[in-house]
Structures are given as C-alpha cells and as structure tokens.
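Following the hints, position chain B against chain A.
Here are the chains, one letter per residue:
There are 2 protein chains.
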Amino acid sequence: MRVVVQKYGGSSVADTDRIKNVANRIAKKVQEGYKVVSVISAMGKTTDQLINLAKSLSQRPDERELDMLLVTGEQVSCALVAITLKDIGINAISLNAFQAKILTTKHHTNARIMDISVSHLREYLKEYDVIVVTGFQGVTEDGHFTTLGRGGSDTSAVALAAKLKCDCEIYSDVVGVYSCDPRLYPNAKKWDYITYDDMLELAATGAKVLHSRSVEIAKKYNVKIYCASSFSQEEGTWVVDRLPEWLEEPVVTGVSLDRNQMKVSIMDLPNEATVIADIFKRVADKGINVDMISLVKNGSSTHVSFTVVPDGVGKIEELLNETLSVYGAKYHFYGQFAKITVVGTGMRSSYGVASKLLEVLQSEQVEPELITTSEIKISVLVPEDKAEMLVKKICEAFEL
Amino acid sequence: MRVVVQKYGGSSVADTDRIKNVANRIAKKVQEGYKVVSVISAMGKTTDQLINLAKSLSQRPDERELDMLLVTGEQVSCALVAITLKDIGINAISLNAFQAKILTTKHHTNARIMDISVSHLREYLKEYDVIVVTGFQGVTEDGHFTTLGRGGSDTSAVALAAKLKCDCEIYSDVVGVYSCDPRLYPNAKKWDYITYDDMLELAATGAKVLHSRSVEIAKKYNVKIYCASSFSQEEGTWVVDRLPEWLEEPVVTGVSLDRNQMKVSIMDLPNEATVIADIFKRVADKGINVDMISLVKNGSSTHVSFTVVPDGVGKIEELLNETLSVYGAKYHFYGQFAKITVVGTGMRSSYGVASKLLEVLQSEQVEPELITTSEIKISVLVPEDKAEMLVKKICEAFEL
Chain A
1 MRVVVQKYGG SSVADTDRIK NVANRIAKKV QEGYKVVSVI SAMGKTTDQL
51 INLAKSLSQR PDERELDMLL VTGEQVSCAL VAITLKDIGI NAISLNAFQA
101 KILTTKHHTN ARIMDISVSH LREYLKEYDV IVVTGFQGVT EDGHFTTLGR
151 GGSDTSAVAL AAKLKCDCEI YSDVVGVYSC DPRLYPNAKK WDYITYDDML
201 ELAATGAKVL HSRSVEIAKK YNVKIYCASS FSQEEGTWVV DRLPEWLEEP
251 VVTGVSLDRN QMKVSIMDLP NEATVIADIF KRVADKGINV DMISLVKNGS
301 STHVSFTVVP DGVGKIEELL NETLSVYGAK YHFYGQFAKI TVVGTGMRSS
351 YGVASKLLEV LQSEQVEPEL ITTSEIKISV LVPEDKAEML VKKICEAFEL
Chain B
1 MRVVVQKYGG SSVADTDRIK NVANRIAKKV QEGYKVVSVI SAMGKTTDQL
51 INLAKSLSQR PDERELDMLL VTGEQVSCAL VAITLKDIGI NAISLNAFQA
101 KILTTKHHTN ARIMDISVSH LREYLKEYDV IVVTGFQGVT EDGHFTTLGR
151 GGSDTSAVAL AAKLKCDCEI YSDVVGVYSC DPRLYPNAKK WDYITYDDML
201 ELAATGAKVL HSRSVEIAKK YNVKIYCASS FSQEEGTWVV DRLPEWLEEP
251 VVTGVSLDRN QMKVSIMDLP NEATVIADIF KRVADKGINV DMISLVKNGS
301 STHVSFTVVP DGVGKIEELL NETLSVYGAK YHFYGQFAKI TVVGTGMRSS
351 YGVASKLLEV LQSEQVEPEL ITTSEIKISV LVPEDKAEML VKKICEAFEL
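Chains A and B supply the protein sequences, listed in that same order.
The first sequence begins at 1 in full-length UniProt numbering and counts up one residue at a time.
The second sequence begins at 1 in full-length UniProt numbering and counts up one residue at a time.
Bound conformation, chain A alone (with noise of 0.2 Å):
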C-alpha cells in the first residue's frame, strides 16, 4: 500500500471551485496508485471570522470553549472535500479530530501532538481511498478539542506523514521555496531542494511556506516534504535531511526579511551576571518575545540591546520602568527598523559569508544596528525604509 500525505491549505478550499479543484488532484494520485490521507484547513479566513465571532462576545473568550468553535472550521472544509471526491467516484471519508484520534496535551489554543492512533488510520485506509482529516486539531485524554496554533495544519500533516512513515505534500499558494521573497527580488532563485536546518532558519525569519515547527517534526522523524502551489502543476521544492549528492551545495539558500521591529536599548547596567538574566526572566514571563539580543561590556558596565515587535512596547516599558529603576540604568527604544536574515547550512564549511554581508551594507552606506550570528544564519538590524534595496544588493551579491 503506497500511501502519501497531502495538506490543503486555507487558500486552496477558499471556495467551491477551489474545493473541486483539490478533489481533483487528490484523485489524480488516487488514478496514479496511492492511498491519501488529505489534511485539510479552514476555507479561507473561516479561523480568522470565527475569532472575531468569538472576541464580539467576550474580550477574552474561554480558551477550552474557543477551540470548541475553531475545530467547526476544519470540519466543514474536510466534509465539502470528501462530498466532492464522492461526487466524482472517488471511496473517501472524512475524519475529524475525535474520529482520527489525534491525541494532544491540553493546552487549548496552543497544543501538541502527542499521539495519532496509526493502527486505526491504516484500518479506515484498507477500506477507504482517500482519508480527509481535519488540520490544526487535536483531543484530550478526557475528550475536549484543542487547537495546535498558527499554522498548526502544517504540522498535523507532517505528523500523520511521520506516523504513516510516508512523504508529506503541502500545497499552498506560494510555488516552493525561493532564495528569497519573489516580491523582492522577483530574479530570486526556486530551490528543488533545501535541508531542514535551512528550511527551520527560513521559516523562523520570516519565510511564509512552511511552518517551524512541522519542519523540526520532519526533520526529527526524517520526513520527506514537498512544497507546491495547488493552483498550477510547476514543480516545488523537496525539503530533505541532506540535499541529493549531485547537487553543489550552496552556501547561502535563502535572504528573508521580517520587517515591522523595534530596538531597545538599555545602558549602564551594573556588571553583575543576575542582572540580565533577570530582566530577560521579567521579559518571558510577561510573554513578550524577544527576537535580536547582543550586549556589551565597557568597564564597570554593561549595555544590552534586543528587538521587539512593536505589539509588545506598551507591555516591555512597563517591565523597564519597574525594574531598571533598581539598577539606575537607562532605557531607550528606537524603531522602525526590519531584520535581514541571511541562511546556509553551508556557511558552516565556508568562509567571508559575514564580510560579504556586510561590505554590501557598507556600499550603500548603512551601519547595521544590530548583528546576531549562529552557526548557519547571519541577522542585520537596518533601517526599515532601506530594507528592501538590501535584499535586492545582497540576492545579487550571493548570486541567489
């Protein structure tokens, strides 16, 4: 039994031609020998209109109820599914959460997978061509919904992919996996392949693919994923532990962009180690996200600077305010600035990818504010409004 997983996002079931549509190519690899299992999302902006339902009603609606609400969205889009593949003589079924039985913690809102009943999946398989499960959805132990999070279709997929031990197709309305955003640089390279590692570093900066975390569930269980575009038969981009061996492996893959932060500055802390640690443990623990952080000792002390989204300032000056005041320090923040992300796994065995980077800034006369490495990505802080010309400069500069 040749079984494939493909997840439909919510752009690709937004209306019923769109729906006809996808029935039609599921049962174009039904035709070619497979058995699918079909994850699909919400018809367009269905999650979106439920939230605001739910927000008219209460400001914070009931978590464990919310979820009640939300999961209605995945069902409805999986039910128009299978009804169409019946309709054109195709065996399917659709299952939601409860009948998949995609077992996850109780964090409403916010849930993990922790078991998918694969023995029962393959039952509903011997019988059925087509399963169509509902994304993004889970159950408790005890029997209640939960929902994944954002993008949490991508990994419901990823996950059945792994259970099954089959590959993963997920179809959107973005073509594959580019070097960078075409809408920047539309001369931006398709990749047939990246890595996972790469595929993580773009996701997490600001590429719109894929999921992070349905790539760190691919990569830990070695699952095979294909990204395409529902809406045409160009090819995608396979995402792979290690690219095929005839393939050169480039050093930099991808330039992203995540425009829309802010910088804030603190100066003259006192050199001792609980000091920072504890604004940071403040900071996480009133939830704000703390992206770029880099620090500087000088003398007797100490400055630290780190981005935010601006969401998070009303709630970070109030943090500051409180606490600095013990140390006498400073604070300042400074906006609107955006993060240039340059990946490679193969800036590991390569050299002089942070001096190219930075000689093209220094061309066109912009001073990075902030600098943040790890072992495969380089991330500049640059001013907003000269964020763009610069991917364009540096897709030309890493020949991407």
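Simulated from the structure, these hints should not be mistaken for laboratory data.
Treat the hints with care, as some may be off.
Any copy will do: because identical chains look the same in the list, a pair fits if it lies in one copy or spans two.
[Claimed, not checked] Here are the simulated lysine-lysine pairs, BS3-like style, with alpha carbons at most 25 Å apart: (1) Lys55 x Lys20; (2) Lys219 x Lys165; (3) Lys55 x Lys45; (4) Lys101 x Lys219; (5) Lys35 x Lys224; (6) Lys189 x Lys286; (7) Lys190 x Lys330; (8) Lys28 x Lys55; (9) Lys45 x Lys297; (10) Lys126 x Lys106; (11) Lys165 x Lys29; (12) Lys356 x Lys20; (13) Lys190 x Lys356.
Below, chain B alone, put in the same frame as chain A:
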C-alpha cells in the same frame, strides 16, 4: 439538584446580541438555583446555507458527509453560547454529540436517538452549572456523526429531559401554542395548557411551534414541555399529558392551515382489494408522502382521491402512467388547494364538530373537495384562495 432542559431555536441565536440574550436567560435560571442543560440550534439559517454549499459541489451529497458538515452549525452556536456564559461568570461547558454521548441509529440525515448516557451527563452537572449541548445531532456506535432531520433540536431537548427526568423549556420566536396562527386570525387564543394529543395533531397539520417527534417522545416519557418566546417575558404554553383539573377541556383546541396541496383523483379502478394496496405501496416506495385519502366504491369500480404536495407531482405522474395502464383507469390532478384541520381531544366526548364545520363551509358556499377524520381531528380540503377566509370563520364559529 434541580435540573431543567432549555432549548433555543435558530432564530433565538441568529446574531451576537441574541446569543447574549440567550446567555442572560440561562444565567437567570442558574441564579434561581437550577442546573441547566441547554440545547442550542445552529445560528439563523446556517443549516440551509451549509446544505446549499454541499449541493453546489454535488447534486446528491453523500449523506454521511452531509451530516459531518451540518453538525458543525450547532457546535459553533454552542461554543459561542458557552463563551458568553463564561464571560458573565457562569460555569458552563459546551458538548457536541460525541462528548454528550448521544447515540443514534445509522440513518444519516434522519437518525433516531437510541440512548443518551445520563450518568455521564450527571457527572458534568456535578462540575458545571450549565451544559450547552448541540441539538439536532448524534453519533453512531462506530463513531460517525448523524443528524435527526428537520426540527431535530426539539427532539434532542425532549430526549435529554426524558433521560434526566426533568421539564423541558422550548424557546423560539413564537410565544406559545395558539388556537390558530395569529397571522391568520389575530383574535386567536393562546392556551396556557394543551395536551400531547392535541399538540401532536396540530404539529402534524402545520402548526410550527413544536416538531411532532419531540411531542411523541414527551408523551411516551411524560415530559412536561413549556413553549415560549426567547424574545419576551410573556407566559407561554405547557404541553402536558392532561389538562389541570380546574381547567374545562375545550372541544376544539386548534385550527391549522396547510397550503399548497394538490388533489389526485383516480377513477374506475377495478373493485379488488389488492389494487388499492398495490398503488399506495408503489407511491410509498417512491418516497412520496400522501396525506388525505378518501375512497368511494361504486358498483363495479372504485374511485380514490388523495392529496400530495406539488413537489411530488412529477414522480407520481410517472408512477401512475406506469401503473394505471394495467388497470385501464384514469387519473387527474387538481390544484391549488389548502387543508384546514380542526383539532381537539374534547371531540371524543362531544358531538357536532363535523356538522358545525360543514355549516361554516356551506354558509360560505364552499364545497369541500375531501374530508378525512380521526378521533380528535377533522380535515377538509378547500380551494386555496378561500382558505384564509374560512379559517377566520371557523375560529369565530368555535369561539377560539
């Protein structure tokens, strides 16, 4: 533990303001010391919209998948009611048919409730003040969703009340049970009490306050039903086994009107018992609902007339063409007619209802096309254009 079932229809939860109103009504009952099991229909016209969506994808949507689709309507409204209740500090939880363990037969789109796990519900009632249960739906033993057919939420509510041995309050946009539709006869009386038997006849003959199946269950398990409007505080109507003793039983409790009837007459059938049985078996096999049947024997031949709704005309014409050629009989369609039904358990012990009804028709120079009677009702078929006028005259004659 004082428990009550409250059911709110689709129009009562059609928008967020109405949902808040329903939540406030439920909260009031909790403050009076009740544990409330609240059965909620899908918002407004949701079910129709979902059916149309399915039909735009398949002329005959797979029924198992159609149920999978439709059950989401009630899950949305239940989650929203629970969110609103939680927001105003009421300890509530919503449960779908899986979670409430409402077990049904396997007849998709028209299933019947087989059992409800009452011990399970009582466990929830220990922990929560309100359980919001999805109406209209159930699950089969092997875990597929089913729906109970039109009006199924009434059935869900009464079945829950039967299991929990409590009263059942049914809220809709109708204030209670009237002797006649107030739109037809503005002076119609609203009853404080009506018997199951009268309610059954009224429900079956066009009064839309309660669905007949729910009244059948109420009668079988002696569940007291209270029908009232969710939009006002006006007293509604109790549907009970027998009227309170201090209340004199009216001879006639209601007049109902069923428009859009066609009459089929078949002439010159041979006088053999098997012929009529054969014809009506064929009609039933085609799923055509025949209502009033009247038969006259005349020497060597039999004439039979019955009513159908115009939707069935195509199917029945085809069938009669096939069947009647064997017997050498002729048929005719006549329309448009309306059926007026006069209902009253009191008829059992009272005479002259039929003659008073026919007197009204005579004085208006209307000849009834068909008459059928049961122990507690009389129906006459009359030209549709005279029907409204006749209903008024009949109400006046019976002092309703």
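Each hint, compared with the structure:
no.: 1; hint: Lys55 x Lys20; verdict: between (32 Å within a copy, 13 Å between copies)
no.: 2; hint: Lys219 x Lys165; verdict: within (13 Å within a copy, 55 Å between copies)
no.: 3; hint: Lys55 x Lys45; verdict: both (16 Å within a copy, 22 Å between copies)
no.: 4; hint: Lys101 x Lys219; verdict: within (23 Å within a copy, 39 Å between copies)
no.: 5; hint: Lys35 x Lys224; verdict: within (17 Å within a copy, 52 Å between copies)
no.: 6; hint: Lys189 x Lys286; verdict: neither (40 Å within a copy, 62 Å between copies)
no.: 7; hint: Lys190 x Lys330; verdict: neither (46 Å within a copy, 75 Å between copies)
no.: 8; hint: Lys28 x Lys55; verdict: between (41 Å within a copy, 23 Å between copies)
no.: 9; hint: Lys45 x Lys297; verdict: neither (48 Å within a copy, 65 Å between copies)
no.: 10; hint: Lys126 x Lys106; verdict: between (31 Å within a copy, 21 Å between copies)
no.: 11; hint: Lys165 x Lys29; verdict: within (18 Å within a copy, 53 Å between copies)
no.: 12; hint: Lys356 x Lys20; verdict: neither (48 Å within a copy, 61 Å between copies)
no.: 13; hint: Lys190 x Lys356; verdict: within (22 Å within a copy, 86 Å between copies)
When each numbered hint is compared with the structure, violations occur for hints 6, 7, 9 and 12.
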